[in-house]
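With chain G held as given, fit chain R onto it using these hints.
Now for the letters of each chain:
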Amino acid sequence: MASRSGAIATKVAPRSTAGSTSRPAVRPRTSPGALLTLSSVVLVALGLVMILSASSITAFADYGSSFTFFRRQLLWAIVAFAAYFACVRVDYHRWRGLSVVLYVLSAGLLVVALVPGVGLNVGGSARWIGVGPLSFQPSEIAKLALVLVVAGVLDRKDEKSLRELGHTALPVLPGLGLLAFLVMMQPDLGTAIVLCVIAFGLLFVAGAPLRHLVPLGVAGTGLAVVAALAEDYRRARILAFLNPWADPLNTGYQTIQSLIALGSGGIFGVGLGASRQKWSYIPNSHTDFIFAILGEELGLLGTFMVLGMFVFIAYLGIRIAKRAPDRFGMLVASGITIWIAFQALVNMGAVTAAMPITGVPLPLVSFGGTSLLVTLAALGILNNIAAQERKPRAAAKKRKDEER
Amino acid sequence: MVALFVIVVLSFTGMATRLVMLQVIDAPAYAKLAANQREREVEFPARRGAVFDRDGEPLAISVDLYTVFADPSLVKDPVDAAARLAPVLHKKPAGLVKKLRGTWPGDRFEYLARYVEPDLARLIRSLRIPGVYMETAPKRYYPNAGLAAHVLGFVDLDGKGLTGIELQYEKILKGKPGKMILEQDPKGRALPQAEFEYERPETGRSLFLTIDKEIQYYSEQALASAVQQFGADAGTAIVMRPGTGEILALANVPTFDPNEPGQSEAQNHRNRGLTDMYEPGSAFKAVTVSAALQERAVKPKTTFVVPESMQVSVEVIHDSHSHATEQMTVAEIIKDSSNVGTVKIGMKLGGKKLDDYIRRFGFGQKTGLGFPGEVAGSMLDLEDWSGVTIGNLPIGQGIAVTPMQMAAAFSTIANKGVWVEPKLVYGTMGDRGSVERSSAPVTRRILSRRTAREVRKMLTAVVDDGTGVNAQVPGYNVAGKTGTAQKALPTGGYGNSYVASFAGFAPARHSQIMAIVVLDEPRPIWGGHTAAPTFQKIMEFSLRHLGISPSGNAVQAAREIEEARAQAGDVRD
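In order, the protein sequences belong to chains G and R. For the first sequence, the tail end lands on 388 under this note's numbering, and the numbers increase by one without skipping. For the second sequence, the tail end lands on 609 under this note's numbering, and the numbers increase by one without skipping.
Excised from the complex, chain G in its bound form (with noise of 0.2 Å):
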């Protein structure tokens, strides 16, 4: 897989229409972008083993097949992965001109998501679209546009109009407060929380001034908390996160078995397929809270193993960010990089109950195609972005020169 993605990259890199970058004479002997490659791969898989060791009773219970779960994942790992290398293939400058499009096709369809009887109502909240057997979750592909619109956005603005707050946050805020509130209207605080980080942290990213960027994180806060206890069902998550054991039957419910399968599971973990806590014990156990049946069944070893793979993603997209050819690439590979970073935190977070409840998945690694369709879309746009890294020394050579 290693060699193949880097042998494309390789072909991807000439087309790359970023002048001063030059075609490396020795590539190193394994590139970020095949490590990238690998290590989607390895969660990937890690994924379905664990979906089908998860999902297994559940699905066993309501469709007489272990498989079920397991089966759908699969066939969306192979799309994804399709989608992976078709992105791996497209230069990423095309998507700035895609972006637009991508991000008033995702607002629409958020739209969409909303209309009763096309929609898809699951456990009270719209996040679903029905196509046929096939349903998708548009808020995922809204993570993508918003990171590309942004990126679009502020690769325009040169270090003065960074300065001025007309030139960053006001443009940046009606994109993000759009998808941002059609998300709330599902209800989905976690994605758009995840929304409002991208936004926030691709301006951190650009070069916004602390002075603009700390009352907007402040603000971004209080929104967050306000819309928190605004809702009951959402403040009774809070409160259980402060103190599960205050109703341990009802809200803090799937927190104390979330902790009690991590627990249990100890350092080297009951052993693949041995999780009790799956037995409907933990709600959501191939989704949102596969994380705690990972660290059951794998232990301490598995959680650091999965918590290694997101870090080494992280490391890989910061300093794909770092020798991005130019800014438009620095900023995308920045925006995907804190997106599946931060995302991955969330959902850890609510797992090990050092966070609240959101209900944001695992990426690559829970149940959910539209997810992992977009994420390693995503993560092909990376490796894009990769292909044409600068050489270090050309990347010196050009600081010095952008420098005079």
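Since the hints were made in silico from the structure, they are not lab data. This one's a predicted model, so the numbers in the text were calculated from it and none came from an experiment. Some clues are possibly wrong.
Where chain R lies over chain G, by a calculated footprint (3+ residues, C-beta under 8 Å) [as the list claims (entries may be wrong)]:
| id | region |
| --- | --- |
| 1 | 47 to 58 |
| 2 | 215 to 225 |
| 3 | 233 to 247 |
| 4 | 270 to 284 |
| 5 | 324 to 338 |
Partner residues are not named here, just some residues of chain G that face chain R (Cβ under 8 Å, in silico) [claimed, not checked]:
| id | residue |
| --- | --- |
| 6 | G250 |
| 7 | I251 |
| 8 | W263 |
| 9 | S264 |
| 10 | Y265 |
| 11 | T287 |
| 12 | A305 |
| 13 | K306 |
| 14 | S318 |
Every residue, glycine too, gets a C-beta built ideally from N, C-alpha and C.
This is chain R only, laid out in the frame that chain G set:
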């Protein structure tokens, strides 16, 4: 960029710390929580040990019956199922259909029948009706119905001993329930990959009683017919081995069927031989004279001037029938059961020594059987004696005893002066036949062999031509004493009702069997008329059943007895 990476590293380090906390430091606590919420202990009741008589005849056994129940959610065709079950269960299909359909939405459990016999259960199983299940339900069964009911007692619906031996030996009979620890999910499904602990139930040990089923049966019959014949309220008969204290029969009237204890009044369940006390009256004179002889206060030939009545403190003591003042030996006093004479013997002995001997004979304390509900009887402490007490106690008044205490006291005389703790349980037997005998009974010498012999001779005279002639068994020498005592009223004082009794043993010289019969309010009131003939029947059967050879020619003996009874004028005591 560096800042971003620092943030990422910091936050993921925080997450890693959290994971170490959860999965390493707090892991044992969470593992325990996990076990607590998943583990379920299922108990399997152990099979209860059986109760046998001394020859291994079953008196109480546990049989596996079946409970038939349905899970309506799994019954596919209730009408068809009901049609097939109805003839087997002897129930109407309509009612079964209702249960098989479930009586409420989500119903997953309905009893169809309880205590179904094993062969019926097999039939039901062969029907293979989906959703219909069976579970064993052990049930205590007393194959001889009311036989030894008061000794055995009975169990509750869960098979736990409530009274009698069933209660006293609950721990031994019960065994050790087996258990299975399994892990289950919130819906109660067992987790297949879970660790599984199983402990086999240990069948309870079986008991061998000292009871002889035949003698028990005969005693019950004889007692029941006596109670009926003499219109008594209740009665008790005890047969025991004087040398070992083994109780061969312990019969009570009224009785009950321990298979259906709910069908009878609670008062019928009392093992009166141990739980009820009465004033022994004249039969107690054997104790008084034993003490006086042992203490050398009197000799058998010592003579007393015995008037018809005598003033003792504020009371006048009367003999049971009028006679002129006469010179009587101690032996004659006992033979004719003279109250005045016995009180004089008691006075000669002295209250302190009398009290001492009464206690040594085991009165005023439990016998050591440990039987549930056994009472100690009741007697005055020496310092609480009034002036009248020495006029009452020697003749068995002002003291309340249990029939078992009297049996033990008479056994002492029969056993050449050694008191032996009565005993109901011979030993226990484990599941695989390992037998453990009961510990040897407590014994204590109260009378010298010589005193015992002297008393025995006097008691033999009582039966030969005294108040106890009706207790004679052809071919055997019988020793014994009659008793007829006014019943104390709950309000104090005495009423017009009597308890009649006869206690004795045979063969007199080398006693093998001791028996006592106590009748509550028979008509006539006299022990010599009512209790003695009943004693005679029970004693005769017991001697023959145990193959104890007669001491003389039975046919000739029988003729002599007829004559003796014809001559004996008065059997009142």
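Unsatisfied constraints (hint numbers, rising): Of the numbered hints, 1 and 2 do not hold.
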